[in-house]
Amino acid sequence: MDGFKRKEPQEIAALLRLFIKDNGLTLSYNNRRVFAAWDELSGASAFTVGRFFRDGILYITLTSSVARTELSFRKEELIRSINDRLVNDPLFIKDVPGVRLVHELILK
Numbered sequence: 001m002d003g004f005k006r007k008e009p010q011e012i013a014a015l016l017r018l019f020i021k022d023n024g025l026t027l028s029y030n031n032r033r034v035f036a037a038w039d040e041l042s043g044a045s046a047f048t049v050g051r052f053f054r055d056g057i058l059y060i061t062l063t064s065s066v067a068r069t070e071l072s073f074r075k076e077e078l079i080r081s082i083n084d085r086l087v088n089d090p091l092f093i094k095d096v097p098g099v100r101l102v103h104e105l106i107l108k
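The numbering of the sequence shown is our numbering, which starts it at 1 and goes up by one.
Keep in mind that the hints were calculated from the coordinates and are not lab data.
Note that this is a predicted model, so its numbers are computed, not measured.
The reader is advised that the hints may include incorrect statements.
As the list claims (entries may be wrong) - Here are the simulated distance ranges between beta carbons:
| no. | residue 1 | residue 2 | range |
| --- | --- | --- | --- |
| 1 | Arg68 | Glu8 | 48 to 56 Å |
| 2 | Glu11 | Lys108 | 32 to 40 Å |
| 3 | Pro9 | Val49 | 37 to 45 Å |
| 4 | Ile12 | Phe73 | 17 to 25 Å |
As the list claims (entries may be wrong) - Heads up, simulated DSS-like pairs for lysine-lysine below, C-alpha to C-alpha not over 30 Å straight-line:
| no. | residue 1 | residue 2 |
| --- | --- | --- |
| 5 | Lys75 | Lys108 |
| 6 | Lys108 | Lys94 |
| 7 | Lys75 | Lys94 |
| 8 | Lys94 | Lys7 |
| 9 | Lys7 | Lys21 |
Backbone N, C-alpha and C define an ideal beta-carbon position, used for all residues, glycine too.
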């Protein structure tokens, strides 16, 4: 036990962020956080069959034209809500080049 040095305690969220960054998983992990925010905030996860996020654009494919029309009226509100969720999410990794918030939502 002579060589063992005790380190300062760290929050598990900080350790997870470090692990994700060190293993090059940031973009795919953040995409999952964006998709989870979409599912929760849109209320349309049952109708969502496709999700894609790149360069700040969130592409969503829906099976219901009624849901698509309703959500198209709420686009700005959804973008704002998703971004608020991501900014306040302790596991969303913000300090990596190429990471963006949602600035456009395209419903198909």
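| request: State the violated hints by number, sorted upward, taking the hints as numbered earlier in the document. | output: Of the numbered hints given earlier, the structure breaks just one, which is hint 4.
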